[in-house]
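Asker: One-letter residues, chain by chain:
2 protein chains.
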Amino acid sequence: MNAVISVDLPQNSYEVAIAPGSLSQLGAWLQPLGLGRKLMLVSNPMIFRRYGEGAIASLEAAGFDVCHALIPAGERYKTLGSIQKLYDVALAHRLERSSAVVALGGGVVGDMAGFAAATWLRGIRFVQVPTSLLAMVDASIGGKTGVNHPHGKNLIGAFHQPRLVLIDPEVLATLPPREFRAGMAEVIKYGVIWDADLFQQLEQAKRLDQQRYVSPELMQTILTRSCQAKAHVVSKDEKEAGLRAILNYGHTIGHAVESLTGYKLVNHGEAVGIGMVAAGAIALQLNLWDADSNRRQTALIQKAGLPTRLPAGLDLEDIIATLQTDKKVKAGQVRFILPTQIGTVIETDQATPAVIRKVLLAMAEAA
Amino acid sequence: MNAVISVDLPQNSYEVAIAPGSLSQLGAWLQPLGLGRKLMLVSNPMIFRRYGEGAIASLEAAGFDVCHALIPAGERYKTLGSIQKLYDVALAHRLERSSAVVALGGGVVGDMAGFAAATWLRGIRFVQVPTSLLAMVDASIGGKTGVNHPHGKNLIGAFHQPRLVLIDPEVLATLPPREFRAGMAEVIKYGVIWDADLFQQLEQAKRLDQQRYVSPELMQTILTRSCQAKAHVVSKDEKEAGLRAILNYGHTIGHAVESLTGYKLVNHGEAVGIGMVAAGAIALQLNLWDADSNRRQTALIQKAGLPTRLPAGLDLEDIIATLQTDKKVKAGQVRFILPTQIGTVIETDQATPAVIRKVLLAMAEAA
Ligand SMILES: NC(=O)c1ccc[n+]([C@@H]2O[C@H](COP(=O)([O-])OP(=O)(O)OC[C@H]3O[C@@H](n4cnc5c(N)ncnc54)[C@H](O)[C@@H]3O)[C@@H](O)[C@H]2O)c1
Ligand SMILES: NC(=O)c1ccc[n+]([C@@H]2O[C@H](COP(=O)([O-])OP(=O)(O)OC[C@H]3O[C@@H](n4cnc5c(N)ncnc54)[C@H](O)[C@@H]3O)[C@@H](O)[C@H]2O)c1
Ligand SMILES: [Zn+2]
Ligand SMILES: [Zn+2]
Numbered sequence: 001m002n003a004v005i006s007v008d009l010p011q012n013s014y015e016v017a018i019a020p021g022s023l024s025q026l027g028a029w030l031q032p033l034g035l036g037r038k039l040m041l042v043s044n045p046m047i048f049r050r051y052g053e054g055a056i057a058s059l060e061a062a063g064f065d066v067c068h069a070l071i072p073a074g075e076r077y078k079t080l081g082s083i084q085k086l087y088d089v090a091l092a093h094r095l096e097r098s099s100a101v102v103a104l105g106g107g108v109v110g111d112m113a114g115f116a117a118a119t120w121l122r123g124i125r126f127v128q129v130p131t132s133l134l135a136m137v138d139a140s141i142g143g144k145t146g147v148n149h150p151h152g153k154n155l156i157g158a159f160h161q162p163r164l165v166l167i168d169p170e171v172l173a174t175l176p177p178r179e180f181r182a183g184m185a186e187v188i189k190y191g192v193i194w195d196a197d198l199f200q201q202l203e204q205a206k207r208l209d210q211q212r213y214v215s216p217e218l219m220q221t222i223l224t225r226s227c228q229a230k231a232h233v234v235s236k237d238e239k240e241a242g243l244r245a246i247l248n249y250g251h252t253i254g255h256a257v258e259s260l261t262g263y264k265l266v267n268h269g270e271a272v273g274i275g276m277v278a279a280g281a282i283a284l285q286l287n288l289w290d291a292d293s294n295r296r297q298t299a300l301i302q303k304a305g306l307p308t309r310l311p312a313g314l315d316l317e318d319i320i321a322t323l324q325t326d327k328k329v330k331a332g333q334v335r336f337i338l339p340t341q342i343g344t345v346i347e348t349d350q351a352t353p354a355v356i357r358k359v360l361l362a363m364a365e366a367a
Numbered sequence: 001m002n003a004v005i006s007v008d009l010p011q012n013s014y015e016v017a018i019a020p021g022s023l024s025q026l027g028a029w030l031q032p033l034g035l036g037r038k039l040m041l042v043s044n045p046m047i048f049r050r051y052g053e054g055a056i057a058s059l060e061a062a063g064f065d066v067c068h069a070l071i072p073a074g075e076r077y078k079t080l081g082s083i084q085k086l087y088d089v090a091l092a093h094r095l096e097r098s099s100a101v102v103a104l105g106g107g108v109v110g111d112m113a114g115f116a117a118a119t120w121l122r123g124i125r126f127v128q129v130p131t132s133l134l135a136m137v138d139a140s141i142g143g144k145t146g147v148n149h150p151h152g153k154n155l156i157g158a159f160h161q162p163r164l165v166l167i168d169p170e171v172l173a174t175l176p177p178r179e180f181r182a183g184m185a186e187v188i189k190y191g192v193i194w195d196a197d198l199f200q201q202l203e204q205a206k207r208l209d210q211q212r213y214v215s216p217e218l219m220q221t222i223l224t225r226s227c228q229a230k231a232h233v234v235s236k237d238e239k240e241a242g243l244r245a246i247l248n249y250g251h252t253i254g255h256a257v258e259s260l261t262g263y264k265l266v267n268h269g270e271a272v273g274i275g276m277v278a279a280g281a282i283a284l285q286l287n288l289w290d291a292d293s294n295r296r297q298t299a300l301i302q303k304a305g306l307p308t309r310l311p312a313g314l315d316l317e318d319i320i321a322t323l324q325t326d327k328k329v330k331a332g333q334v335r336f337i338l339p340t341q342i343g344t345v346i347e348t349d350q351a352t353p354a355v356i357r358k359v360l361l362a363m364a365e366a367a
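Chains as they are written, first to last, in the UniProt record's numbering: chain A, 1 to 367; chain B, 1 to 367.
Treat the hints with caution; some may be incorrect.
Pairs count within a copy or across copies, as identical chains cannot be separated in the list.
[Stated by the list, open to error] Using 20 Å as the maximum straight-line C-alpha spacing, the simulated DMTMM-like pairs for lysine to aspartate or glutamate come out as follows:
| no. | residue 1 | residue 2 |
| --- | --- | --- |
| 1 | Lys153 | Asp88 |
| 2 | Lys153 | Glu96 |
| 3 | Lys303 | Glu203 |
| 4 | Lys303 | Glu240 |
| 5 | Lys239 | Glu96 |
| 6 | Lys85 | Glu96 |
Treat the hints as calculated values from the structure; they're not laboratory data.
One chain only, chain A, in its complex shape (with noise of 0.2 Å):
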């Protein structure tokens, strides 16, 4: 069963698309969308291996002329360096005004793929085929693209809404295990900002540790909700002046956390698994929420095998400093998105020092 979701916007509305086994009739999808007969298809050589040729066939067959450009895997490739790679394949392909770039890929290809198409001569048409669980339910929708500075992450970048997000279920078969967990904490993240019955529906699983203990109708349920949830919330504030956001919950202390561990000892679905317990954690301390839900909330994170404590020897002083550098302090105050029941958040100034190091402290010691 498909389901397609559109994301609107005042310019360039665009469908994400979740159809299983859709991988293998990538150019019949892409043949309504108008594009010129080149394509560039960016991707890692581990997924291409998997999944390019296949790709690259059914492309072939629909009538396009598609040249491949692989990015080594992982984060710290995504440079303006690798951006410089595929310009120089944009070139030798001799990439036209009607040509368009197609992503295959985790958020690290997703992103370099749709900078490179902002930016290559002032930004040419871009499709994204999603195939890690982040990337499907986050990163591929909503047209942020970029690229890290050496010193920081993300600074590098445009809004770049692509024409297509093609997601097909099937390609998460291969991915591995602690990848899935990291998208599941943004899928778990969608139902506590937005979608209660999403997380009802993830309560009602047995297990949502590893890809292949949920069915593939939960698995139908989860991306659609998710797709929907960002689909939304990026239609209505398309450059990030207000709603979006919400999309931040459990990412400030997240962000921390993933900083003060180098990205390394902890990934990033990881760190927001931590951060909305905290957040939850600060909400309770508040009375913005009761404690049912924040009990439910831990639980959920728990059983997606995501972590709920803070790692051994992180400094909370550290991680309250760092929370000072955080984009969303505002007059020296961190700006939280805190729940005020499973499927509502709020933004709010109200948590204290004190109260964000009394939650630290008892992540810290449960450990």
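Knowing the structure of chain A, use the given hints to seat chain B with the ligands on it.
Answerer: Chain B with the ligands alone, transformed into the frame defined by chain A:
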């Protein structure tokens, strides 16, 4: 006497202000724009030596916190490597989403500062303070930003409109005469494609080959009329889907001449001068306009000290072959912008290789 021209766009309309002496009031001009406190001024060492200190003093007097980044002068530094240096300064100065980039320089500085602004934190605000005639009448207006790829000009870039274009004609006093003439080529272009009255006023001037022979009044007219033409075209066609093509008048053969002479022997303005003479002669061959109009155009280009003949040693067949690689080629036919009378042009693919060859041959023989 100040002139203010508005560029009307669906989002982010802005003004082009032509105000003698305004550079020393830069801070006051920026104050109403609602920018954050932090600014990054981008320039080159030579322009910065002349005008940087005054600009920064004025900005600081208005309460801005200013850092600056200098890029060596010259088209060969219009690279991604230079942009990386701008990012480094942006990071060191901790530019935020509310911060802005101010470009103080010619088109090279403006294109690069604009691209850095377009891509830092996915786009921050940006002000153009053009100092060359070409940048004043052309490059600073319209939001095209970018850098060169080692194998092609302006292949990497983004559309990113400035919040203000502030033109102080007094800085033209130090512009080298050859650069002045390069700008005059674009001014004459506006006369031919858009503004017959501007064309006539230029015809009435005694000399146009050096800035010091042009009265402040005529200079004001030149700037105002040219910026009006560019602003109007950009307002109608922000992303180059249609009307904007008329700005390429003289540029089709111009680009071929520029690239075949290695961008050295002949500069952009000179190439555009040659290109307009060729386009005029082609239009005459096709009976699109009359001999008198054609003669008037050639005379005006000559009066501006610009070449009207092909440089010696250039192979006509190379020019014709280069035209085939032009972005404007559709189905093998080169599309030219050609004049029908002073002030009006059309786009056409009627110019056969035979006609082009005949015209170029005459422009070479006459040398
Ligand atoms: N643009 C946005 O809005 C947005 C949102 C969230 C995250 N991001 C970015 O996304 C990136 C993280 O994305 P990610 O989690 O997908 O990481 P990723 O792209 O590094 O992919 C994770 C790993 O999984 C592998 N992989 C992906 N799909 C696979 C499959 N089907 N089978 C086997 N292996 C597969 C990849 O090769 C990689 O090793 C970060 O750079 C982050 O900044 C962007
Ligand atoms: N973005 C656009 O729409 C657009 C349009 C046309 C051209 N361009 C770009 O603009 C560039 C050409 O611009 P340009 O002709 O200004 O070249 P430029 O920026 O190289 O400036 C020409 C020379 O004049 C010097 N100069 C500038 N102002 C001066 C002043 N007041 N006093 C003394 N010296 C001064 C500069 O240092 C430089 O050496 C090219 O890179 C071209 O691609 C962009
Ligand atoms: Zn996230
Ligand atoms: Zn030009």
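Asker: Compare the structure with each hint and give your call.
Answerer: Hints, verified against the model:
no.: 1; hint: Lys153 - Asp88; in the structure: between (24 Å within a copy, 13 Å between copies)
no.: 2; hint: Lys153 - Glu96; in the structure: between (30 Å within a copy, 14 Å between copies)
no.: 3; hint: Lys303 - Glu203; in the structure: within (9 Å within a copy, 81 Å between copies)
no.: 4; hint: Lys303 - Glu240; in the structure: neither (31 Å within a copy, 52 Å between copies)
no.: 5; hint: Lys239 - Glu96; in the structure: between (27 Å within a copy, 15 Å between copies)
no.: 6; hint: Lys85 - Glu96; in the structure: within (17 Å within a copy, 29 Å between copies)
Hint 4 from the earlier list is the only one contradicted by this structure; the remaining hints agree with it.
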